[in-house]
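2 protein chains.
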Amino acid sequence: MKIQEIQGGITAAKGFKAASAAAGIKYQGRNDMAMILSDVPCTAAGTFTSNIVKAAPVLWDRKLVQDGGTVRAVVVNTGIANAGCGPEGMAVCEDTAAYAAEVLGITKEEVLIGSTGVIGPVIDMNKLKNGIRLLVPALSDSREAAFEASKAIMTTDTVNKECAVSIELPSSDGTGTVTVTLGGMSKGSGMIHPNMCTMLGYIATDAAVEKGLLQKALSAVVPDTFNMITVDGDTSTNDTLLVLSNGLAENAPITEEDESFELFKKALTYVCKTLAIKMAADGEGASKLIEVCVKNADTKENARTLARSVAGSSLVKAMIFGKDANCGRILCALGYAGPGFDPAVIEIDIVGESGKVNFYTDGKIQPFDEELALAILSEKKIHIDCDMAEGTFEATAWGCDLTYDYVSINADYRS
Amino acid sequence: MKIQEIQGGITAAKGFKAASAAAGIKYQGRNDMAMILSDVPCTAAGTFTSNIVKAAPVLWDRKLVQDGGTVRAVVVNTGIANAGCGPEGMAVCEDTAAYAAEVLGITKEEVLIGSTGVIGPVIDMNKLKNGIRLLVPALSDSREAAFEASKAIMTTDTVNKECAVSIELPSSDGTGTVTVTLGGMSKGSGMIHPNMCTMLGYIATDAAVEKGLLQKALSAVVPDTFNMITVDGDTSTNDTLLVLSNGLAENAPITEEDESFELFKKALTYVCKTLAIKMAADGEGASKLIEVCVKNADTKENARTLARSVAGSSLVKAMIFGKDANCGRILCALGYAGPGFDPAVIEIDIVGESGKVNFYTDGKIQPFDEELALAILSEKKIHIDCDMAEGTFEATAWGCDLTYDYVSINADYRS
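If you read the protein sequences in the order shown, they are chains H and E.
Every number in our numbering is 16 more than the matching position in the first sequence, counting from 1.
Every number in our numbering is 16 more than the matching position in the second sequence, counting from 1.
By construction, these hints were calculated from the structure, which means they are not laboratory data.
Don't take each hint at face value.
The list cannot tell twin chains apart, which means a pair is met if one copy fits it or any two copies do.
Straight-line C-alpha distance at most 27 Å; calculated BS3-like pairs for lysine-lysine [what the hints assert, rightly or not]:
(1) K18 with K124
(2) K372 with K311
(3) K42 with K380
(4) K281 with K143
(5) K289 with K227
Assemble the whole structure, with the sequences as input and the hints as a guide.
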């Protein structure tokens, strides 16, 4: 039952290729399109934005995933979100899928689409087609192709996000075990509270997993991973997370919730959590990662809500940017989160490599070592522990500090 | 049924005095305490923070208001919030009220308390007592005293906030009408989403109003005024809004929901709305006021929720700071607010003195005049109109842009 982190990204699993290209959709002088292709048909599962206003590619992908057919490819563009475009937006998706299908020799119902960028403009179909013509011959299962694809889907991201793991599962011929690999890439900063530049995430695995169970695993994993990161409280029109599984690992197909399913789910959790934390740490303008662990809450959902409230508080985020241990703001953010609790019994600590500062216990803010607090707040990752002393449930949320650069990036995003 | 805005603040109504003093509680070289005193006992009504963690003065005031006795005075300090201090915090309130009562010759149950500032530290009782000794002899019903009191309660506010109005109500002797005055002052930036520096608001009126109706009027007015402003989504531990009425106008006491009650409520709305908008415009670091009007929503509550979502969106706020008409963000903020609606029928406009830009209608972002949009976004007040085309309910929310200064102020608030 061991999960092994390995080098690699979206092409780490057997039979997956990737490519990237510069189509000039909005950005100049960089790659702005990526493609993922599986050698054989894949089972697909997905989770999508909860925003009432859904971008065309979200509607397109959701339909394909729900219709239950197999898929082969994903085409992603950055620069323009293809949201708020009315029926024209859906036509762009259909034309893109049809054109990619034609060049790849598959059907348009096998082509998923992802878009991220400015809301409003209609994407120039000629640029998309030109991009597809560049992408197809560049498809490769190399490490380099995966790395470049993860860079091509970036918008305001400053680093690319990849993760790959392998597990051992019983082989389909019953003679032993086989290595199953999951590789993923993502961009942006959130799922419940994503940055407007949108969260897109793609995970490719060679596991053989029955479609219902693939969706069940993904839906179980998302609430404690992608849904626990927050950058600015704005939920995008485009958020999309897709998992494709092509079965080429030749494991005994996962068809029930057995040990293999549990191990697969753990591996999927590992990939999702790693990508999610990388997104939180790279939130727009971020200089620090904030990790908030709420322990001993009365319900799992309350633990999540409390943790997200602290990680998402503008005042906590600004305080951490300023290395100013104005920790009453953490207490305050717990207080307005919604769940009831007894302020007289909770405990709040800030933990770093330099040590630990307990600043709230016995119903009051405690005197603390300012030098130690400054040392902890000067680290790249700040861990906040909140013990609610009322139950057994725990949740962790991830966020980032609020900096001048966040304002700068978002005050002038279109230009 | 006319409401007349008049010059003045907390001492505008008959029989109210104010004073301010420098007690050195945290700030140096400025006044940091204020006192309000009524010549005669007052009926009091109040609304308080919804935060689970309530500062000691909130608990103190809420108890006095709920117990139903009359009150005479309010003592306010800035610099330290008296929150997160455990039982010591309540002892500070009780000692402050007792000391002020002794000096003023009233009872401690007639003294309301307000505090705003850093969470955690216990306020030095000697400084509070010293401040009270300075405040009492300085009490005056002058315009100047009201102005100075409204400045003394400021924290990160850049301008003081005052408003006063007068109305004519039937006189108690039945021979005609008398002038009834409402005067108010406030500080900070919010009630549902207040800035951590806390919203404190005080309104003094010489109207004679039965206590239950005074509370009813206040509770009816707050949801569309103070509760519709947002600066950063953080709800403080200290938010307090109090109305004191001393009856010295000699109007026929308001004891039922008649015409006089309705006019009084309108006057109270005027004062609360004016103070609320002044707070939104002076949100920490703000350079512009954002007014979001949601029309034709299916319910009043949905109209409020949608308007607040747009006014509170970090991305909308940053876009307005940057004068960048990236208006898809407004559509996006409506979409994640919660209430359902049909994106195909809504309409969104941006309105300023320079003109109006329709940027979303017929289910898509429309081409718009970039120069006109820039001209509107360069104004000090930006009005956003969202027509939901599904009902008859309307609500307006106020907020401010997100600027470098917001980050700067909050990254280093304690020092």
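We went through each hint and held it up to the structure:
1. K18 with K124: neither (38 Å within a copy, 67 Å between copies)
2. K372 with K311: Classified as within; 16 Å inside a copy, 51 Å across copies.
3. K42 with K380: between (53 Å within a copy, 19 Å between copies)
4. K281 with K143: neither (39 Å within a copy, 60 Å between copies)
5. K289 with K227: Within one copy only: 22 Å inside a chain, 55 Å across chains, cut-off 27 Å.
When each numbered hint is compared with the structure, violations occur for hints 1, 4.
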